[in-house]
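Chain residues, written in single-letter form:
Number of protein chains: 4
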Amino acid sequence: MTKTLLLTGYEPFDRFSDNPSGIIARQLDGQELGKGYIVRGAILPVDSQKMPGVLSELWDKYQPSICVGLGLAFGENSLRLERIGHNWIEIGSPDNGGHTPCGSIVPDGPAAYFSPLPLKMVIQSLLERGIPANLSDHAGTHLCNMLLYLALHRAGQLGQDGPKSGFIHLPAHPELAAKMALPEPDGGTNKLGKPGPSMSLDLMQKGVLAALRLII
Amino acid sequence: MTKTLLLTGYEPFDRFSDNPSGIIARQLDGQELGKGYIVRGAILPVDSQKMPGVLSELWDKYQPSICVGLGLAFGENSLRLERIGHNWIEIGSPDNGGHTPCGSIVPDGPAAYFSPLPLKMVIQSLLERGIPANLSDHAGTHLCNMLLYLALHRAGQLGQDGPKSGFIHLPAHPELAAKMALPEPDGGTNKLGKPGPSMSLDLMQKGVLAALRLII
Amino acid sequence: MTKTLLLTGYEPFDRFSDNPSGIIARQLDGQELGKGYIVRGAILPVDSQKMPGVLSELWDKYQPSICVGLGLAFGENSLRLERIGHNWIEIGSPDNGGHTPCGSIVPDGPAAYFSPLPLKMVIQSLLERGIPANLSDHAGTHLCNMLLYLALHRAGQLGQDGPKSGFIHLPAHPELAAKMALPEPDGGTNKLGKPGPSMSLDLMQKGVLAALRLII
Amino acid sequence: MTKTLLLTGYEPFDRFSDNPSGIIARQLDGQELGKGYIVRGAILPVDSQKMPGVLSELWDKYQPSICVGLGLAFGENSLRLERIGHNWIEIGSPDNGGHTPCGSIVPDGPAAYFSPLPLKMVIQSLLERGIPANLSDHAGTHLCNMLLYLALHRAGQLGQDGPKSGFIHLPAHPELAAKMALPEPDGGTNKLGKPGPSMSLDLMQKGVLAALRLII
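Chains as they are written, first to last, in my numbering: chain A, 1 to 216; chain B, 217 to 432; chain C, 433 to 648; chain D, 649 to 864.
Same shape as in the complex, but just chain A (with noise of 0.2 Å):
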């Protein structure tokens, strides 16, 4: 019988106008993993109202046994793997649906969870195939850590039933870090800005698939 495997990544968002997230998650869509693992890949919007719902109706509509989140995490040199996602969202400057909030998450909800992927076994695994990776315990206070404690918390509702889940954030990718580094068009000062750190789009896509076939 064939399981499937939730990827999401998000639409672009504030000054960036492009997120790598979302060009894997759409690449990797339909990818067969092995064990009978299909991935359904899905963009979510980066609005923090609606994103609990579109999260939702995937969840629905897949009733996948993993989860597995993706998000831009600009000046991030390496696939970062989430340790904890916990009940908090802050947000400074406003999301795309204009929001900025700042509070409990689920009210009432634990204050964190851990997610129960391998996540050491495949980071070790990554770097032995010459893919930087590392591990975090703090996924932010924006929609990727949102993301990732509604995804333990449905788990943890659900019990045995509920998904396994993760998240990984990306670092730019080299057109978006060379992009962000030249002078806006308007901005008044023709200097050229320092690059942030990026990886490859094909190299985020290698290991993306390696991390998954490793936690099926």
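Calculated from the structure, these hints are not laboratory results.
Hints should not be assumed to be uniformly reliable.
[Unchecked claim] Quick list of in silico lysine-lysine cross-link-like pairs, DSS-like style, CA-CA up to 27 Å: (1) K626(C) - K410(B); (2) K179(A) - K336(B); (3) K194(A) - K380(B); (4) K683(D) - K651(D); (5) K552(C) - K839(D); (6) K651(D) - K854(D); (7) K194(A) - K410(B).
Following the hints, put chains B, C and D in place on chain A, whose structure we already have.
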């Protein structure tokens, strides 16, 4: 008439099992650039006593119109174009020849030279092509700066007939960054480190080649 | 009636010959805060097996209404107030007892607790007084997080009667940052390192004291 | 006979409401150093067109044997002693005079000069006294480097009779670092930033004074 662009890289050194600068120099050896230019790629020893002699032989052999050095800057995330070479070498850990020099590169030589290459134009163009690049005013105190200083000094002495020279520091490639985060086989720990930033060899080669075409 | 605020710091550990957290805890021992509060300062062992027992004895002895832990975060430049303590300890280099634990702090305990202290108000007030301070969502995986988790867990179990707890990471003091940049006596090199950031003990004491007065 | 050590700092500039370099220069004005030396402290304008003239007047007025410039390097955590001044000024945001120069400081001047001060000895001594300090090979492309280059160039032209010159970059003081992390009054956000590193004015003054006594 064919003109030569000498492109040097370095062999592996210190804790680094591989060196992207040598790889790229070898890959681009023989590459035609247009305008009658051909690349001669060479790998230099990371030995502060031997390197100047090997460099001199390459100059004698190829009579290059342009010299571009490549070197590894572990921790850097972009192609880093060096604006200045200064007359000082100072190496903490021994180079491959076991030397730890500390002093002037050319006794009584000028304190520094600026590279005559159009670095900002190159960086702007690389960024517009989606290749992270940035400008640096300090090439370090290791063999990379030594090479840049020696090449600029030679040009300074030869005047119009001297080669135009420059230096590009390269990030680690992903395989190297990942490997450096794995515990050493006999390190007494199995703790995984956090990888440094990296850039794919493909993108480095594409970026260096684009830079060479822009400066001829 | 006098109420007790238990302020803990740590003894020196690892490569660090001194620990500002222990120094500040000792300096503030006996300090009256107003509103009937007095500080009881104590220095905890950096031994993951012994520390919980010593902490328990302090709780029994002082019956504190508030517990604030202090700890060194070498590399940090501000007073870093921790928002969350999570149920995981993982130490790479052995602690002072030679232990390298990796696992849950409290088996079957909740994944995490949020500190109930008004951290943002404290940070804003410290900044307005010219004292660098910032908010953190990750207290690490060493004894600092262990202490925060244990204190919050105790409060969680005792409910209304439990102490309110929090944790403040401290920068190195300048003497420690400077010392760490000097070559080790037998290190085989005379190379000077680059010092990490620091904050004077005076300012740390002033900042911690101000924070304590804001949270009572 | 009394000899003069000219110690310059700068006025506030750009986003910075205060400048520790000017504060320290003023505090040490009139300080006797021993060996017949007295400090003359002065505050320079952060105006790339006016500063050289003001500096020239100070040289004429005081005929200093030694010139030491101080300047703010926001983001730096140590006293940063500069080894080299180079012949390039390039300022992105306008200076206090509204200028954004980009080009040679002294047309046809040498590319760079090394400072003749015994920087490593000073740094080692500062570290041993518990004062964070480090060596730098790049004084930036703003007025700090301009001053260092101009002072070294003057010495180069005067030969034996010229002053010995150097430059020390200073961290922010804590009040400035804290203030920069507060939201701007009309910034449309109440989000607190993460403060940069700092050093107390007391320790900066102590360190600069110790450095001056070591170089006379």
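Given the hint that K651(D) pairs with K854(D), test it: the Cα-Cα distance must not exceed 27 Å.
Holds: K651(D) and K854(D) sit about 21 Å apart, inside 27 Å.
Straight-line Cα separation of K683(D) and K651(D) no greater than 27 Å?
Holds - the C-alpha atoms of K651(D) and K683(D) are around 8 Å apart, at most 27 Å.
Hinted pair, alpha-carbon criterion (27 Å max): K194(A), K410(B). Please report holds or violated.
holds, 22 Å
Quickly compare the C-alpha distance for K626(C) and K410(B) to 27 Å and report which way the hint goes.
Holds. K626(C) to K410(B) sits at ~20 Å (cutoff 27 Å).
Is the Cα-Cα distance between K179(A) and K336(B) 27 Å or less?
Roughly 15 Å between the alpha carbons, so the hint for K179(A) and K336(B) holds.
Take the C-alpha atoms of K194(A) and K380(B), compute the straight-line distance between them, and say whether it is at most 27 Å.
holds, 25 Å
Next pair to validate is K552(C) with K839(D); report whether the Cα-Cα distance is within 27 Å.
holds, 10 Å
The structure is consistent with each of the numbered hints, conforming to all of them.
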